[in-house]
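Residue numbers (my numbering), protein chains in the order written: chain A, 12 to 274; chain B, 12 to 274.
Hints were generated in silico from the structure; no laboratory data involved.
Beta carbons are placed, not taken as given, at the ideal position from N, Cα and C, and that holds for glycine.
A hint or two may mislead.
Heads up, simulated DSSO-like pairs for lysine-lysine below, C-alpha to C-alpha not over 30 Å straight-line [stated by the list, open to error]:
#1 B:Lys-36 <-> A:Lys-121
#2 B:Lys-222 <-> A:Lys-121
#3 A:Lys-14 <-> B:Lys-145
#4 B:Lys-217 <-> A:Lys-145
#5 B:Lys-245 <-> B:Lys-217
#6 A:Lys-36 <-> B:Lys-145
#7 A:Lys-229 <-> A:Lys-196
Coverage of chain B stretches by chain A, computed from C-beta distances (three or more under 8 Å per stretch; other residues unrestricted) [what the hints assert, rightly or not]:
#8 86-92
#9 104-117
#10 193-207
Chain A stretches covered by chain B per the calculated footprint, using a threshold of three residues with CB under 8 Å from any CB of chain B [what the hints assert, rightly or not]:
#11 96-109
#12 130-138
#13 163-175
#14 220-233
Here is what each chain is made of, one letter per residue.
Protein chains: 2
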Amino acid sequence: MEKLFVIKIGGNVIDDAAATGHFLKGFAALAGRKILVHGGGKAATRMAARLGVQTQMVEGRRITDLPMLEVVTMVYGGLVNKNLVARLQAEGCNAIGLTGADAGSILARKREGWAVDYGYAGDIVRVNGEILLKLLETGLVPVFAPLTADDQGQLLNTNADTMASVLATALAPFYEVSLVYCFEKKGVLADPEDDESAIPHITHGKYGELKAGGVVSKGMIPKLDNAFAALEQKVAQVIICQAGALGTLSSGIALSGTRLTLS
Amino acid sequence: MEKLFVIKIGGNVIDDAAATGHFLKGFAALAGRKILVHGGGKAATRMAARLGVQTQMVEGRRITDLPMLEVVTMVYGGLVNKNLVARLQAEGCNAIGLTGADAGSILARKREGWAVDYGYAGDIVRVNGEILLKLLETGLVPVFAPLTADDQGQLLNTNADTMASVLATALAPFYEVSLVYCFEKKGVLADPEDDESAIPHITHGKYGELKAGGVVSKGMIPKLDNAFAALEQKVAQVIICQAGALGTLSSGIALSGTRLTLS
Numbered sequence: 012m013e014k015l016f017v018i019k020i021g022g023n024v025i026d027d028a029a030a031t032g033h034f035l036k037g038f039a040a041l042a043g044r045k046i047l048v049h050g051g052g053k054a055a056t057r058m059a060a061r062l063g064v065q066t067q068m069v070e071g072r073r074i075t076d077l078p079m080l081e082v083v084t085m086v087y088g089g090l091v092n093k094n095l096v097a098r099l100q101a102e103g104c105n106a107i108g109l110t111g112a113d114a115g116s117i118l119a120r121k122r123e124g125w126a127v128d129y130g131y132a133g134d135i136v137r138v139n140g141e142i143l144l145k146l147l148e149t150g151l152v153p154v155f156a157p158l159t160a161d162d163q164g165q166l167l168n169t170n171a172d173t174m175a176s177v178l179a180t181a182l183a184p185f186y187e188v189s190l191v192y193c194f195e196k197k198g199v200l201a202d203p204e205d206d207e208s209a210i211p212h213i214t215h216g217k218y219g220e221l222k223a224g225g226v227v228s229k230g231m232i233p234k235l236d237n238a239f240a241a242l243e244q245k246v247a248q249v250i251i252c253q254a255g256a257l258g259t260l261s262s263g264i265a266l267s268g269t270r271l272t273l274s
Numbered sequence: 012m013e014k015l016f017v018i019k020i021g022g023n024v025i026d027d028a029a030a031t032g033h034f035l036k037g038f039a040a041l042a043g044r045k046i047l048v049h050g051g052g053k054a055a056t057r058m059a060a061r062l063g064v065q066t067q068m069v070e071g072r073r074i075t076d077l078p079m080l081e082v083v084t085m086v087y088g089g090l091v092n093k094n095l096v097a098r099l100q101a102e103g104c105n106a107i108g109l110t111g112a113d114a115g116s117i118l119a120r121k122r123e124g125w126a127v128d129y130g131y132a133g134d135i136v137r138v139n140g141e142i143l144l145k146l147l148e149t150g151l152v153p154v155f156a157p158l159t160a161d162d163q164g165q166l167l168n169t170n171a172d173t174m175a176s177v178l179a180t181a182l183a184p185f186y187e188v189s190l191v192y193c194f195e196k197k198g199v200l201a202d203p204e205d206d207e208s209a210i211p212h213i214t215h216g217k218y219g220e221l222k223a224g225g226v227v228s229k230g231m232i233p234k235l236d237n238a239f240a241a242l243e244q245k246v247a248q249v250i251i252c253q254a255g256a257l258g259t260l261s262s263g264i265a266l267s268g269t270r271l272t273l274s
């Protein structure tokens with residue numbers, strides 16, 4: 012089975028020009044099929060402030076009213092996505108910028124029935140694996156902004172971590188998928204105070220022990236729960252690493268960061 | 012030879028929600044291969060004003076300094092493009108939003124050596140007809156924002172009329188191409204005061220007569236010059252019509268508007 016990397020890059024990395032440049036070189040150099048999913052929350056918050064649009068977050072999730080939807084559509088779909096695509100093209104990577112609306116690649120629906128009204132937030136209903144397969148087999152590298160649309164043509168703000176994990180599981184029948192979360196830290200840290208304490212390998216069993224022992228920080232738990240859910244749906248491995256470590260992935264094995272597998 | 016429509020929709024139409032809705036229904040209903048190129052200048056000017064970015068125009072062309080490039084990247088590539096794509100998808104049209112950077116579809120370079128410094132304005136160097144052919148033959152409908160990039164990954168603001176005409180000529184070896192400019196008027200008017208005076212058919216010879224007789228308005232001349240240049244490069248026909256008249260194109264023959272052919 013051919014390998015596919017689905018790589019999520021967070022807003023903090025994107026916000027740092029030097030880190031982004033380094034990351035994009037690593038990403039472009041990665042051999043084989045790949046998909047990039049990016050955030051952009053920090054840039055959206057800044058642009059919202061410039062436009063007098065208030066940013067409201069509940070439990071780390073953005074409340075997306077109509078003015079905020081306009082901001083994220085501009086920043087994620089335009090500013091961040093098109094700059095990443097142009098820079099990847101200059102690095103020789105045949106990137107194509109997408110949202111879930113483009114090519115009908117990801118269908119979502121407005122989040123309803125939660126205790127908090129998140130506004131125009133989209134929960135993913137279905138991935139069109141067939142069209143993604145066609146784009147990938149044409150040699151294109153999809154670069155996803157965290158936006159989707161419902162079947163009425165309404166754009167929706169969508170969590171980038173979730174988008175990456177849903178794309179990875181949807182493509183698991185066609186490829187040996189590695190789902191990679193790139194962020195500022197070197198991996199899942201055994202000691203949050205020690206940046207060099209990344210745990211190299213966590214199985215599902217070990218994850219239970221780490222949670223029980225209080226080793227895994229609260230903010231990390233939803234990420235890891237998502238990761239193990241993806242593994243249960245046939246994703247081959249999940250890697251959590253620093254954006255700069257991407258170059259070490261070329262062989263398909265992470266030389267740094269934390270590797271998660273079921274067993 | 013299969014037919015292909017390359018349709019340009021202007022910023023004035025896009026700015027009118029009802030006109031856009033009507034246009035998108037007509038566009039979605041159009042049978043066969045098609046490409047949409049959109050503007051968005053009015054929305055960009057409004058967003059620039061909200062951000063305190065000054066809009067400067069010289070002879071109808073926007074001066075694109077870095078703050079304005081940020082605005083047009085957000086508005087053309089994000090706000091306008093993604094909303095059009097999502098709405099077309101809801102109409103059953105398998106739209107995919109692109110800039111020239113995406114899939115390396117259009118390479119441009121920064122405009123240099125002109126009397127006026129237009130800033131980050133891009134002149135098109137080359138269209139990648141092969142990748143567009145692949146997307147079209149996959150059943151996708153490219154929706155182009157008027158943005159391109161150079162080979163260094165620098166995004167550039169690009170004239171949408173020109174982009175439409177360059178796409179039409181690049182695809183003329185593969186399809187029988189109709190290039191359609193949709194705007195507010197019913198076509199090229201014999202009498203600018205009379206909206207019902209659209210001239211049904213203009214050949215190259217007749218165009219010379221109309222220019223000599225002062226019938227064609229000054230603003231229309233660059234558009235028509237471009238149109239005849241496209242015809243000389245094997246585009247089958249150019250149609251200038253009202254956005255709402257698109258439904259009448261299904262048979263490949265404009266039932267209203269002005270049709271331009273070489274002879």
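Checklist entry - Are there three or more residues in the stretch 96-109 of chain A whose C-beta lies closer than 8 Å to some C-beta of chain B? => result With 12 residues closer than 8 Å to chain B, the stretch 96-109 of chain A meets the three-residue bar; holds.
Checklist entry - Taken at face value, is the distance from the CA of B:Lys-145 to the CA of A:Lys-36 at most 30 Å? => result holds, 27 Å
Next on the checklist: Using a Cβ cutoff of 8 Å, are there at least 3 residues of the stretch 86-92 of chain B near chain A, or does the coverage claim fail?
Outcome noted: holds (count 6)
Next on the checklist: For a C-alpha distance cap of 30 Å, please report whether A:Lys-14 and B:Lys-145 respect it.
Outcome noted: Since the Cα atoms of A:Lys-14 and B:Lys-145 sit roughly 23 Å apart, the hinted pair holds (cutoff 30 Å).
Next on the checklist: Check the hint pairing B:Lys-217 with A:Lys-145 against an upper bound of 30 Å on the C-alpha distance.
Outcome noted: violated, 47 Å
Checklist entry - Quick one, are B:Lys-245 and B:Lys-217 close enough, alpha carbons at most 30 Å? => result Distance ~19 Å between B:Lys-245 and B:Lys-217 Cα, so the pair holds.
Item to check | Holds or violated: B:Lys-222 to A:Lys-121, with C-alpha atoms at most 30 Å apart | outcome: Since the Cα atoms of B:Lys-222 and A:Lys-121 sit roughly 54 Å apart, the hinted pair is violated (cutoff 30 Å).
Item to check | Coverage assertion for the stretch 104-117 of chain B with respect to chain A, Cβ distance below 8 Å, three residues required | outcome: holds (count 10)
Checklist entry - When you check the alpha-carbon spacing of A:Lys-229 and A:Lys-196, does it fall within 30 Å? => result holds, 15 Å
Item to check | Within 8 Å of chain B (C-beta), three or more residues of the stretch 220-233 of chain A | outcome: Coverage by chain B is violated for the stretch 220-233 of chain A (0 residues, Cβ < 8 Å).
Checklist entry - Within the stretch 163-175 of chain A, is the number of residues with a Cβ closer than 8 Å to a Cβ of chain B three or more? => result n = 4 at 8 Å, threshold three: holds.
Item to check | B:Lys-36 paired with A:Lys-121 [C-alpha distance capped at 30 Å] | outcome: At roughly 24 Å apart (the allowed maximum being 30 Å), A:Lys-121 and B:Lys-36 satisfy the hint.
Taken one by one, the earlier hints fail for this structure at numbers 2, 4, 10, 12 and 14, listed in ascending order.
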